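Student: Given the coordinates of chain A, work out where chains B, C and D should sit on it, guided by the hints.
Protein chains: 4
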Amino acid sequence: MDKLREKVKEIIFGHDTKAGKLFDVILLWVILISVLIVILESIPSLHINYYRYFFYIEWIVTILFTIEYIIRVWSTKTPLRYIFSFWGIVDLLSILPTYLELINFGFHYLLAIRIFRLLRVFRILKLVRFNREAQKLLLALRGSGHKIGVFLMAVISIMVLLGTLMYVIEGGENGFTSIPQSIYWAVVTVTTVGFGDIVPQTVLGKFLSSIAMIMGYAIIAVPTGIITVELASKKSEDKVCEDCKHDNPDNANFCNQCGLKF
Amino acid sequence: MDKLREKVKEIIFGHDTKAGKLFDVILLWVILISVLIVILESIPSLHINYYRYFFYIEWIVTILFTIEYIIRVWSTKTPLRYIFSFWGIVDLLSILPTYLELINFGFHYLLAIRIFRLLRVFRILKLVRFNREAQKLLLALRGSGHKIGVFLMAVISIMVLLGTLMYVIEGGENGFTSIPQSIYWAVVTVTTVGFGDIVPQTVLGKFLSSIAMIMGYAIIAVPTGIITVELASKKSEDKVCEDCKHDNPDNANFCNQCGLKF
Amino acid sequence: MDKLREKVKEIIFGHDTKAGKLFDVILLWVILISVLIVILESIPSLHINYYRYFFYIEWIVTILFTIEYIIRVWSTKTPLRYIFSFWGIVDLLSILPTYLELINFGFHYLLAIRIFRLLRVFRILKLVRFNREAQKLLLALRGSGHKIGVFLMAVISIMVLLGTLMYVIEGGENGFTSIPQSIYWAVVTVTTVGFGDIVPQTVLGKFLSSIAMIMGYAIIAVPTGIITVELASKKSEDKVCEDCKHDNPDNANFCNQCGLKF
Amino acid sequence: MDKLREKVKEIIFGHDTKAGKLFDVILLWVILISVLIVILESIPSLHINYYRYFFYIEWIVTILFTIEYIIRVWSTKTPLRYIFSFWGIVDLLSILPTYLELINFGFHYLLAIRIFRLLRVFRILKLVRFNREAQKLLLALRGSGHKIGVFLMAVISIMVLLGTLMYVIEGGENGFTSIPQSIYWAVVTVTTVGFGDIVPQTVLGKFLSSIAMIMGYAIIAVPTGIITVELASKKSEDKVCEDCKHDNPDNANFCNQCGLKF
Numbered sequence: 001m002d003k004l005r006e007k008v009k010e011i012i013f014g015h016d017t018k019a020g021k022l023f024d025v026i027l028l029w030v031i032l033i034s035v036l037i038v039i040l041e042s043i044p045s046l047h048i049n050y051y052r053y054f055f056y057i058e059w060i061v062t063i064l065f066t067i068e069y070i071i072r073v074w075s076t077k078t079p080l081r082y083i084f085s086f087w088g089i090v091d092l093l094s095i096l097p098t099y100l101e102l103i104n105f106g107f108h109y110l111l112a113i114r115i116f117r118l119l120r121v122f123r124i125l126k127l128v129r130f131n132r133e134a135q136k137l138l139l140a141l142r143g144s145g146h147k148i149g150v151f152l153m154a155v156i157s158i159m160v161l162l163g164t165l166m167y168v169i170e171g172g173e174n175g176f177t178s179i180p181q182s183i184y185w186a187v188v189t190v191t192t193v194g195f196g197d198i199v200p201q202t203v204l205g206k207f208l209s210s211i212a213m214i215m216g217y218a219i220i221a222v223p224t225g226i227i228t229v230e231l232a233s234k235k236s237e238d239k240v241c242e243d244c245k246h247d248n249p250d251n252a253n254f255c256n257q258c259g260l261k262f
Numbered sequence: 001m002d003k004l005r006e007k008v009k010e011i012i013f014g015h016d017t018k019a020g021k022l023f024d025v026i027l028l029w030v031i032l033i034s035v036l037i038v039i040l041e042s043i044p045s046l047h048i049n050y051y052r053y054f055f056y057i058e059w060i061v062t063i064l065f066t067i068e069y070i071i072r073v074w075s076t077k078t079p080l081r082y083i084f085s086f087w088g089i090v091d092l093l094s095i096l097p098t099y100l101e102l103i104n105f106g107f108h109y110l111l112a113i114r115i116f117r118l119l120r121v122f123r124i125l126k127l128v129r130f131n132r133e134a135q136k137l138l139l140a141l142r143g144s145g146h147k148i149g150v151f152l153m154a155v156i157s158i159m160v161l162l163g164t165l166m167y168v169i170e171g172g173e174n175g176f177t178s179i180p181q182s183i184y185w186a187v188v189t190v191t192t193v194g195f196g197d198i199v200p201q202t203v204l205g206k207f208l209s210s211i212a213m214i215m216g217y218a219i220i221a222v223p224t225g226i227i228t229v230e231l232a233s234k235k236s237e238d239k240v241c242e243d244c245k246h247d248n249p250d251n252a253n254f255c256n257q258c259g260l261k262f
Numbered sequence: 001m002d003k004l005r006e007k008v009k010e011i012i013f014g015h016d017t018k019a020g021k022l023f024d025v026i027l028l029w030v031i032l033i034s035v036l037i038v039i040l041e042s043i044p045s046l047h048i049n050y051y052r053y054f055f056y057i058e059w060i061v062t063i064l065f066t067i068e069y070i071i072r073v074w075s076t077k078t079p080l081r082y083i084f085s086f087w088g089i090v091d092l093l094s095i096l097p098t099y100l101e102l103i104n105f106g107f108h109y110l111l112a113i114r115i116f117r118l119l120r121v122f123r124i125l126k127l128v129r130f131n132r133e134a135q136k137l138l139l140a141l142r143g144s145g146h147k148i149g150v151f152l153m154a155v156i157s158i159m160v161l162l163g164t165l166m167y168v169i170e171g172g173e174n175g176f177t178s179i180p181q182s183i184y185w186a187v188v189t190v191t192t193v194g195f196g197d198i199v200p201q202t203v204l205g206k207f208l209s210s211i212a213m214i215m216g217y218a219i220i221a222v223p224t225g226i227i228t229v230e231l232a233s234k235k236s237e238d239k240v241c242e243d244c245k246h247d248n249p250d251n252a253n254f255c256n257q258c259g260l261k262f
Numbered sequence: 001m002d003k004l005r006e007k008v009k010e011i012i013f014g015h016d017t018k019a020g021k022l023f024d025v026i027l028l029w030v031i032l033i034s035v036l037i038v039i040l041e042s043i044p045s046l047h048i049n050y051y052r053y054f055f056y057i058e059w060i061v062t063i064l065f066t067i068e069y070i071i072r073v074w075s076t077k078t079p080l081r082y083i084f085s086f087w088g089i090v091d092l093l094s095i096l097p098t099y100l101e102l103i104n105f106g107f108h109y110l111l112a113i114r115i116f117r118l119l120r121v122f123r124i125l126k127l128v129r130f131n132r133e134a135q136k137l138l139l140a141l142r143g144s145g146h147k148i149g150v151f152l153m154a155v156i157s158i159m160v161l162l163g164t165l166m167y168v169i170e171g172g173e174n175g176f177t178s179i180p181q182s183i184y185w186a187v188v189t190v191t192t193v194g195f196g197d198i199v200p201q202t203v204l205g206k207f208l209s210s211i212a213m214i215m216g217y218a219i220i221a222v223p224t225g226i227i228t229v230e231l232a233s234k235k236s237e238d239k240v241c242e243d244c245k246h247d248n249p250d251n252a253n254f255c256n257q258c259g260l261k262f
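Keeping their order, the protein sequence lines are chains A, B, C and D.
Quick note on full-length UniProt numbering: the first sequence kicks off at 1 and runs consecutively.
Quick note on full-length UniProt numbering: the second sequence kicks off at 1 and runs consecutively.
Quick note on full-length UniProt numbering: the third sequence kicks off at 1 and runs consecutively.
Quick note on full-length UniProt numbering: the fourth sequence kicks off at 1 and runs consecutively.
For the record, the hints were derived by calculation from the structure and aren't laboratory data.
A hint or two may mislead.
Claimed, not checked - Derived, one-sided and incomplete: chain B residues facing chain A with beta-carbon distance under 10 Å:
hint	residue
1	47
2	151
3	179
4	183
5	188
6	194
7	217
8	222
9	226
Stated by the list, open to error - Output of the computed footprint for chain D on chain C, the stretches with three or more beta carbons under 8 Å from beta carbons of chain D:
hint	region
10	4 to 15
11	90 to 97
12	159 to 170
13	173 to 180
14	196 to 204
15	218 to 231
Quick caveat, the model's predicted, so the values are computed rather than measured.
Ideal Cβ placement from N, Cα and C applies to all residues, glycine included.
Pulled out of the complex, with its shape left as it was, chain A reads as follows (with noise of 0.2 Å):
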C-alpha cells in the first residue's frame, strides 16, 4: 500500500519519469479545455444553445479534478499541510464552485471563479524548460524589488496628489465627481491607457494634464532601467561557453551544448 502510495506520489507530484510526464501533459490538456469552457459558456449566445454540451463537459472535468484531488490527499504523507498550501487551495477552488453550484448556492457568477483553475497550469509548467528563464526573470524582479517599491510609492503618490488637485480645479460637473474618481482618472492617464470617459474640460485642468501625461510618459524609463541593469547583472554572471557562446548558469561545469569543461 505505502509502495504503491509512493508510486502515485511520484507520478502525480513527480515530473521525472515518463508516467509523471504523460500524467502531466494530460492534465494540462484537461486545465485548457476546462478554462475554455468557463470562457464560452460566459457567451449568451453560446450559452443558449449549447448549454447541455457545457454542462456535460464541466460534470467530466469537476469528477476528474476532484479524482485527483482526493488521490494528491491521499498520496501526500502531510495531507493537512498540502491542503493548506497555495496550491492545494488553487486545486480544492478548481472543483468547489461546480458542487457550490449543484446544491443550489444561488450566486451564479461563482462559477466565474473556476477560472482560477488557469493558475494551476502554472504548476505543470514549473517542470518544463521555461521555468529557468522565469526564475531568473523572477529573481531579477525581487533583486530591483526595493528600487521598484520605490518607484510605484512614488508614482501611486503622484497619482494621489494629481487626482485631489484635479478635483478641487474640475469639479463634480466636468465628471470628477469625488476625489477615488479623480484618482481614477489620474491612474488612467498617467499610465498612458486614457480611456477618455472622464477628460479634463477647464485650461487649468488640461495643463495640468498635459504635465502629468508627460511626466506619466518619461516615467516609465525608470523601472524599464531598474530591471534592465538587474537582468544584465544576472546575465554576467553566467557562464558563457568560449566554444560556442552558450549561456550556461554560472554553477556550470561543463557547457551543454558542446562539452566544452569550465
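Tutor: Only chains B, C and D this time, still in chain A's reference frame:
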C-alpha cells in the same frame, strides 16, 4: 537552353549581378505601386471616379507578376519546392485574387488579399544592407525567445484572470457582456491602449482596473530589459575597430571601414 | 529645560532612538488616516451620511498635528529656519485649511489642500531602508538631468509644432479650436495617452497624426536608454560581494550581508 | 567697413564674445515672446479682446527679426549660401507671413506658420551646455539608424497588413470605411494610443486587435534596447575620472572637474 535558364535564375533569384540588382529595383517599384493601388482603390470616392485606371494598372501589374512567377517556376531546378515554399505561396497569392475576380468569384473582399504583395518587399530587402541589422535583431529576439515566451504567458494569464474578474464585478449591463469581451477589455487596458469603448462603472471595478493599469504600465519594463540585455551581449561579441571605432562582425579579420587588421 | 528640549527634538526629528522610531510609526499612521479621511470625505454619499464622524476625526488629527507643529517649532534651535523650510511649510499646510474652514473662509475646496499631508509620509520614509534605493534613483535621474532636459525640450517642441500644424489643418470645427487646445491634443497623442475627446477628421490630419504617433511611440526609447545607462554606471560603482553576490555601496569595507572583507 | 562687418558677424553668428552671448539671450527672449503671441492670438476670446496688442507686438517682433535678417545677410561673406541654408529659410519664414498678411494675401492660417520661429531657439541652444548632450543623443540615434530603420519598416508593414485585414473583417459599417482609414486605426492601436473613435465590433476583429495590441505593447522593447545599447557604448567611450567619478569626453587629457591628469 540550360545556360539561358541558369542566367535567368541568376537575374531573378540572385542579387549580385548588375542585371539582378536592376531586376530587384524594378520589381520593388512594381510591388510598391501595386500595393498603393490596392490601398487607394478601397477609398470609395476614388473607386467611383478612377475605377477604370485602377483596373488597367491592376491588370498590368498582375500580368507582370504572372510572367515573373512563370519564369521563376521555369528557371528553378526544383519547381515544386519553390511553389510550396513560403515565398512561392506569397508570389501565387499576389496574382491569384485578380484572376479569381475575373471569373466572378463573388467575394469582392478577396481583392484585399493582394495587400500581401507587400511581403514580397522583404524578399528583395533580404539582400541589401538592412539585412545584417535585421538579422542581428532577429537573433536577439530568438536568443531571448524563452524569456519573452514566459513573459507573454504571464501577461496573457493576467489578462484572462482580470477579464473574468471584471466580468463578475461589472456584469453585462456595463458592457462586460461575456468573458471573451471582458478579456478583450483587459487586453486593451493592460497594454495601455485604452480605447474607452468599454469602461468600468463600479467602484470595485475601477479599483481593480487601476491596479491592472499600474501593472501593465510597469510590466513593459520586463521585455525591454530582456531584449536590451540580449542586444548588448550581441553587441559585445562584435569587434570594435580600435582605430575608427567602427563596429565589425565578430568573424572579421579587417575593419571594413579603415582596413585595420585585427 | 534645554535637556528636555534636546530629548524631545531627538524623538521628533531623529529616527535612531527607540522612542524616535515609535513616534515615526505613530505619525505615519495618523498621516495615512488623515489622508484617507480627505479622500473619503469627497465622496458625496459618504459625506452626507458620515459627515459628523469625518468632522470629529479631522479635528482630532488637526489638533494632533498642531501639537506636533508647536513642539517642532519649540524644540528646534532655529525655529524660523524650520518654519520656512520645505517641510515646515508642508507641516503648516497640513493644519491651516481646517482652521481656515472654521472661520468660514468660504472656499470649501481649500480642504482638499490637506491632501498634501501625504507629502509628510516621505519625510518619515527618509529614514528607512527605502531611502538608499530612492537616493540611488535620484542620483541616476540627476546624473542624466541634462540629457533628459534635451529630450524633454525636443519632445515639447515637437508637440508645439504638431499642435499648430493640426490647428491649421483641422480647424475649429473638428475640435482644434485654438493652438493651446491643439497642443493639448498633441500632448495626449505623442505621449500615447489618446483620450479620444478630440480626434483628427481630415485625411491630412490623420496622416500627420499617424507620423506623430509612431514618433511618440518610438521616442520613449530615448529617456529609457539614458536612465538605463546611468543606472548601470551607478550599479557598476557598487561593490558586489564575491561570496554572497550581495550589492554593497562603493565605500564599503565589509559585505553588509556576510561580513566578507573587501 | 569690413572690420565692422567682421565684428557684427561675430556678435550675431558667434557665441563666444560677451556681446555675442548677450545678443543670443535677447534673441531667445524675443523668439519666445513671438511664439507665445502666435499661440495666444489663436484663442478666440483673447483674439477679440486684445487684437490691438497682439498686432503691435507682432509688428515690433517682425521688424526686429527683419533687421536681424538684413544684418545677417549683410554681415556674412556668402549671402546666398546663408539665404538658402536651413537656418536662412527658417529665418525668412519667421518674418514673411506677417508681410504677406499685410498685402491681404487672404489665407489667414498662413500666420500660424510663424510658429516655426520656435525652431530658431535651437540655433541659439546650439552653443550652450545642452549642446554636448544633444550631440551625444543624436550620435546614438544615428549610430543605431539602420536598426531603427529596420524596426520602423517592420512596424509600418505590420500596420499596413493589419489595417487591410481589419478592413476586410470589419467593413465600412463599423467605421473601417477604407484601407487608409483602417491603417490609421492600426497605427492608433499598435502604438497604444487608442483614441477609441474607431473600434472593432466583430469577434474576429476584436481577437485580431488583441494580438496586435499585445504585439505593439511588447515590440516597443526593440527600439529601446537598440538605443540603450548604443548609448551605453557611447558612455563607455567616455573617460571617467578615477578621483571624482566625473564623466569626461574621450579626448580629454584632464578631468574637467578636478583637473586630474588622465
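Student: Each hint: holds or not?
Tutor: Hints versus structure:
1. 47: Violated. Min distance 32 Å.
2. 151: This hint holds: residue 151 of chain B lies near chain A, its Cβ roughly 7 Å from the closest one there, short of 10 Å.
3. 179: 4 Å, holds
4. 183: This hint holds: residue 183 of chain B lies near chain A, its Cβ roughly 7 Å from the closest one there, short of 10 Å.
5. 188: Where the cut-off is 10 Å and the nearest Cβ of chain A is about 9 Å from residue 188 of chain B, the hint holds.
6. 194: 4 Å, holds
7. 217: 4 Å, holds
8. 222: Holds, because the Cβ-Cβ distance from residue 222 of chain B to chain A comes to roughly 6 Å (cut-off 10 Å).
9. 226: Constraint on residue 226 of chain B satisfied, holds at 6 Å.
10. 4 to 15: violated (count 0)
11. 90 to 97: violated (count 0)
12. 159 to 170: It holds, with 6 qualifying residues against the three required.
13. 173 to 180: Coverage by chain D holds for the region 173 to 180 of chain C (4 residues, Cβ < 8 Å).
14. 196 to 204: holds (count 3)
15. 218 to 231: holds (count 9)
Of the numbered hints given earlier, the model fails hints 1, 10 and 11; all others are met.
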